[in-house]
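*Asks:* Numbering of the sequence shown is given in full-length UniProt numbering, commencing with residue 1 and proceeding in unit increments.
Where hints are given, some of them may not hold.
As the list claims (entries may be wrong) - Okay, the calculated beta carbon distance ranges per label pair:
{"hint": "1", "residue 1": "Glu214", "residue 2": "Asp191", "range": "47 to 53 Å"}
{"hint": "2", "residue 1": "Thr58", "residue 2": "Gln171", "range": "18 to 24 Å"}
{"hint": "3", "residue 1": "Gly222", "residue 2": "Asn107", "range": "42 to 48 Å"}
{"hint": "4", "residue 1": "Ala108", "residue 2": "Ile60", "range": "18 to 24 Å"}
These are calculated hints, taken from the structure and not from any lab test.
Remember, it's a predicted structure, so these values are computed and weren't measured experimentally.
Beta carbons: idealized from backbone N, C-alpha and C, even for Gly.
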Amino acid sequence: MIDCGVMNNILALYFFINVIQYGETQILRRVDVSTVNNKVEYGYVKMVSHDNHILNVTAINISYHKTSQECIRACLNFTDCWSINLKEQPNNEIYECHILDTDRFRNASNFVSSSTGNSHFSLDHDCEWEETCINPNKKCIPNYSDGSYECVCEPIGKYDIHCTNRNIAFQRPVSLSSLKSDSGKPAFVTDGYKGEMCDNFSTNLVHSKMGHMEMWLRIDLGGMKQIKFIDIFDRTIGAPYHQRLASTDIIVYGQNPMDNRQLCSTITLQDTANGDKVFKVCNKVLTGSGVELYKAPNGWQMIHLCEIAVYGPTK
């Protein structure tokens, strides 16, 4: 009988490969040999394609193939292959295949746009998703051996594993000055579901009535809290509508919405140009029992969004 320690060593030799290219999932197999019983073990892992990009680093191997899939399969022959550059040659019949022993996360400045036909393939990992370390001042460093990652957060300070402190707005009560008839429930703003649950026509989108009156959205934090960072998520599609959050003040208030109102920051038109997410840092650490998004009366306007997360200062 093999003891648990030996069994864990055997299982650690499984390497799972599952390549996603051009919208199709294809299974590839990497072979490894157990050091315990010299038995060949098999497994699979996902790879993600980044079209029209390459990682501009030195390759550990360069080969030429008739198909892109042959290049991807070549990665299976190198235990230190963590990503691939695939370069289409001028005659469109031969691919230059670069096997790389590093990734775009450790070499972010070398991950660059390239001509049409070139692609970068990386091993799928939580670091591939923007929300893994949600603070923009970060980089995500993957550990391919056990699937873990580290968020290196700079330059603001030290954060938890996701480059944030705990979201103190999570599942806290929300109120709006007005609510559009087809809007989602105000509570959706703090339910933890971000843009992935909120597209252009989603009932998860929380939407005020449109008009010329002042508008506000308030989150009751349930007591006095220190507040430093605000993360706001809008609908995932419908880019022109993101601009509706422009000229919105983020207010931290005291014991009630009329008490000790302090300006954290103002959402600018430039902030909304970054897509469906706005990350704002208060000018200083503020103390209050609630956060308010406020739009003064100024033309035809509204407030709509999917999620708000509120964080305190770093330790």
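*Asks:* None of the hints should be skipped; say for each whether it holds.
*Replies:* Going down the list of hints, with the structure as the test:
One distance hint, 47 to 53 Å for the beta-carbon pair Glu214 and Asp191, is violated here, with the actual separation near 26 Å. At about 49 Å, the CB distance of Thr58 to Gln171 disagrees with the hint of 18 to 24 Å. Gly222 and Asn107 have their C-beta atoms about 44 Å apart, which keeps the hinted 42 to 48 Å range intact. Judged by the Cβ atoms, the range 18 to 24 Å given for Ala108 and Ile60 holds: they are separated by roughly 20 Å.
The structure fails hints 1, 2 (numbered hints given earlier, in ascending order).
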